[in-house]
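These protein sequence lines are chains P and L, in that order. Those letters in the first sequence? Residues 1 to 145, per my numbering, in order. Those letters in the second sequence? Residues 146 to 730, per my numbering, in order.
The set of hints was computed from the structure by calculation and includes no laboratory data. Glycine included, every Cβ here is placed at the ideal spot set by N, Cα and C. Heads up, a few of these hints could be off.
Some chain P residues close to chain L (C-beta under 10 Å, calculated; not the full set) [unchecked claim]:
1) Asn32
2) Asp39
3) Glu50
4) Lys69
5) Ser99
6) Arg100
7) Glu101
8) Ser115
9) Lys119
10) Glu142
Listed below are the residues making up each chain.
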Amino acid sequence: MNGTPIEILLVEDNPDDVELTLRALNTHKLANRVKVVGDGVEALAYLLPEDPAQAPTDGFPKVVLLDLKLPRVDGLEVLRRLKSSPATREIPVVVLTSSREESDMVRSYDLGANSYIVKPVDFEQFMRAVSELGLYWLLLNEVPR
Amino acid sequence: MSATAEQAGGRLRRLLSVDRLLNLGHRRLVAVYAVSSFAILVALTASALTFGGAAVRDQVDRGLRSSANASASYLGLSLKARADVLVAFAGRPTFVTILASGPLSPPSRTWVADFLASLQHSIDGAYNTWVTTADGTVVDVWPSQPALVGQDFSYRDWFKGAMATDAAYQSSAYVSASPPNPLVVAQSTRVTDPTGKVVGIVGVGFDLQSLQQYVDAYQASVGVRLLVTGRDGTIVAQPGGGITGLVKAIDPDVAAALAGQSGGDDRTADTMAAYAPVPWANGAVVAQLPTAEALAGLGVMQRAVLVTAGVLALLNLGVVLLLYASLRRRTVAEAAVVAANAGLEQRVSDRTAALVVSNRELEAFSYSVSHDLRAPLRSIDAFSQILLNEYAAPLDAEGRRVLGVVLRNVKQMGVLIDDLLAFSRVTRKELDRRPVDMNRLVQATVEEMRAAEPTCDIACDIGDLCTVPGDPALLRQVWTNLLGNAAKFSRAVAQPRVEVRCERVDDECRYTVRDNGVGFDPVYIDKLFKPFSRLHPTAEFEGTGIGLAIVARIVGRHGGRVWAEGTPGGGALFGFALPAERETA
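Pulled out of the complex, with its shape left as it was, chain L reads as follows (with noise of 0.2 Å):
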């Protein structure tokens, strides 16, 4: 149990380090990553809340003002209407006739009334009309109010604005004497004769009925609440009506808009408002919102806003975890890359001291090979012999024949090894590369073949060879074998030749050992390299069939090539291309 914690302790160790040690610099990226992304956003949330709030104050001031200006025009636009009305009125010369002449006639009086009747009729909203005399005294009332014919008006806004303007006036709130009484405000304006004379004033009242209906509808259709009053402050309509009397409000809103001045105003907390001054009739308008209100799409953007930050911080706290694992992932990829190579290499080493060990067995097989294979062939050679020479009288023809057999087959055996030790030697004798003179390889291998056999005699004729790099002993030892076997197989025809040539090409050396001898039918020319295979009969051509693999095996360790052409009686042609020297030495 101890030794499964301690192993489970060692990976956890390794674990750890490894986490500290590779995984340092992934973390420092997350990190970076995490809190620059979290500040971005952040910020982004908190301008947005901010400008986002600006802009809908903005929006709603703005809002505000055009609801001020608006209504303001259109109230002063139709008070100013039916005052031209009025004024058309007014200027009837009958009329103006008729109160230049003084008392009334019977006549006359039933005509005002019907003026007075007709100019009710024809101003949307009059609550009643009437005249008065230049010192404002009552000529007539309409609606027929008799109480009130003679009686003096002069105290009222509506004569004194009157009497102060060539045009008309549009009065503020008052009580009208007509019952029931209802809060009104007037217009009237001067009766004058054709010389200038002010012979009269006409007016007409309305109830405050059709401004708060316009109030009213306004709130209804547009949400702002308006607040409406007359030249002196006092309230004509307000949000929800509810108007029992005459109330001045007491608002700077209302005050600066009297003075002639439009505007916004977010001074209290709880309403914004704008303000505007009523064209012609000189009131006043203020458009108000309860801040609330106004801004409950503010809190619905700044709610959307934080919703939207929240899902942004989650995705980004998403992407931040998804980043520290692939990284964290790739990292421990990494080390198991790190890991694995470290392993191949380990792979590669145990493989190549594996070789060493197989190249040393197989070079004491070899030596074993040469050594102990000989011994008992020398031993059967040597006894045979023995016999042969010393006990050959008790031995017949035939006994002889026999041993004949076995000394053969002991030499070919005795050859055999030694052919097989030499191509073992080409295979595991190092390279030892230097530049090798062809010329002179070729020269010395030639002589020395005629020196072994002086009876030969073949007509050899040598190009001009390129020098390689390679052994020297092993090139030595190819070209032994080309020459040798050039001359076995050329031996038997009339005037034996051999061609010995090179080319270069390109990056090799091509070199080519041509024979007239017996050739070869190219139907085995794959065979022709392979270890002892063999194309002729041993009675006819000795050797065991080494000699072109042993050539093939030292061409490949230099990196070069073989191959061969011939014909069965057409003569053989080996070649061999070497990898040339390197020309930028």
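Bound-form chain P, shown alone (with noise of 0.2 Å):
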């Protein structure tokens, strides 16, 4: 990762999915523009510090993919705190969960997200979904300056 900026925060705490999503990024060489972190507290140290010095020096990820179901402080939680805070309210956030529960989806709306997607069981749609999404947000989608 030496000198690529970090585009994307993939927060996720299960390696294999872990894997799996950094395998889909990389059918677009994306995989190496990725932070993996393993739960919501690391997810908001890196994001919110408590010290403003520690923040990202080469800027916010593009996009953060965040799963719901996390150690210690959950998806949700970490969705709040990144809409709420002036300083990441612009980052698209993307839930990337296993969740179909229609609760988690209108709350995590409800709190900002920019995407809900359900992580399909079945590989080649999860491929497909993850690398889309990557493209998407990398390369289509436009955010403030």
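Make the complex out of the two chains shown on their own, each in a separate frame, by following the hints.
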């Protein structure tokens, strides 16, 4: 990752899912722009450090891929904190979760999620979904600078 | 120990306060009943004693009056009957002739003696008989008393009385001149010749014994004591007898009776009395009864009344206590019911809380299933797929086939998990009831299905469907599942056809979906609506067997019912009925 700006923050505790997600992103050679954190505390520490000096030097990622079920601080809480903080409010957050629960979806959008994607069980679909969303958010989506 | 005491104290306080709060009403009730019932009892007793006493006195008074009247009548009549005999004798012509002819010849003397003896025999209780001249000189006496013949008895009451009346005269008592000179009363009458001239007086004396016998017999049989006086108030018979001399009764009752009055007398405290004049003889009868004796019955009655009242009072006391006890028991029971109800409410709210908790746990479980079961499944699928894609070369055909089996099962499990979640969502989702236009719902579902499977060419015949209250999302699920089933199982036939119909019957709307597909064996009809039961092999028709279970669950949650008809190869009909909107709105 030397010098390569972090463009995707993947918040995921399941190493298998991390590997699969990275594989999917790598079909478009995006894997080396990904930072992976294993839980909500780490995610918040990275994006919203208590000491502002610790903030990412190379700017915020272009998108946060957020799992909902996380150890310690869960995904919804991370989402709430990111979207209620002026510094991080504009970072697109894509909820990438196994949950098909409507309540999760509704809460996520309520809290300001930009997208809600249910991880398909089917590998091919999963690969397609993740690689496409990577392309979309990194290459097509425009955010205010 | 102090804890126990405190506990006991608390219980006592609670009891007392429950008593105080709940028993106030029935205590007052019982008190009112007790006071009024005892007051009534006392009043009844008092009046029974008062009126009972008066009644007994009244009865005794009447008894005494009738004793006096009856005795006076009897005595009068029996005296009169004797006097009649006397008068009859006095009228005998021979006797009159003998008396009218002056001093008696010896045969006449004998005749008169016989006459007097006959007279004495003819009259009950006659002591002696006699005849005087018109100036009172004794002509003869029977039984014979020669000493008396020629003596003047014109001073006697019987002489004066007889001279003063045409009829017979009853004299008052006097001492007989005939030995042994008993106290006697006499009846006398004039003897008159055919011209009406008085030629003599004939008399008959009675000692007082027969009167005394009557008085004694009356007292013995009736219990009433009689006092009998002659016309001058001299006592001729009295209770217990023992008359040895001429004694005038100094008694207002006697005076009243001699004055011709009859009546009762309760002037003295110790004796009750009644008096009546003796008819014809002009004497007096006084009937007496000592008050104690007269009112002995009253005492008995009063005792009976008091005993009865006492028994009634005891019974009433029992009633009052029973009333109090039963009301108290009822109040306590009511309090217990209230407490039990409170307990019940507590239990219900406990249960509800427990249900809420378990529902929450179920949600957490479902969430966990949704999230956590899917994740490893995804890994298995993905890594198997990677193996198959990137490491196909080192694997032989059998290895690849086995991996294919793994992948197929992973997919099946994914579907099962999704179905399981869908089923549990249907159970948990809160009903959002509103009028649902079933026509539009079915139309939308059909269009959606056609869009999903453009190759499928099924003739759809949709009748007019009534609008019902329900949850639109859930009812849409019902139609999706039923129409999906119909499409799935009729795909294989030459001209697949699906009919949707609706019928309003009473308070429900009945919807049916009929297809001309493979149908089913009605033997298994009860398995149709059970989750994950299937009547067809997966190879032939895909699916996990959750669709109809979801339909049944949704319809059941709407208060409706489901049914099915079918034959193998003869198509199937699935129906559900929902409660219709009440038309009162």
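Hint numbers not upheld by this structure, sorted from lowest to highest: 1, 2, 3, 8 and 10
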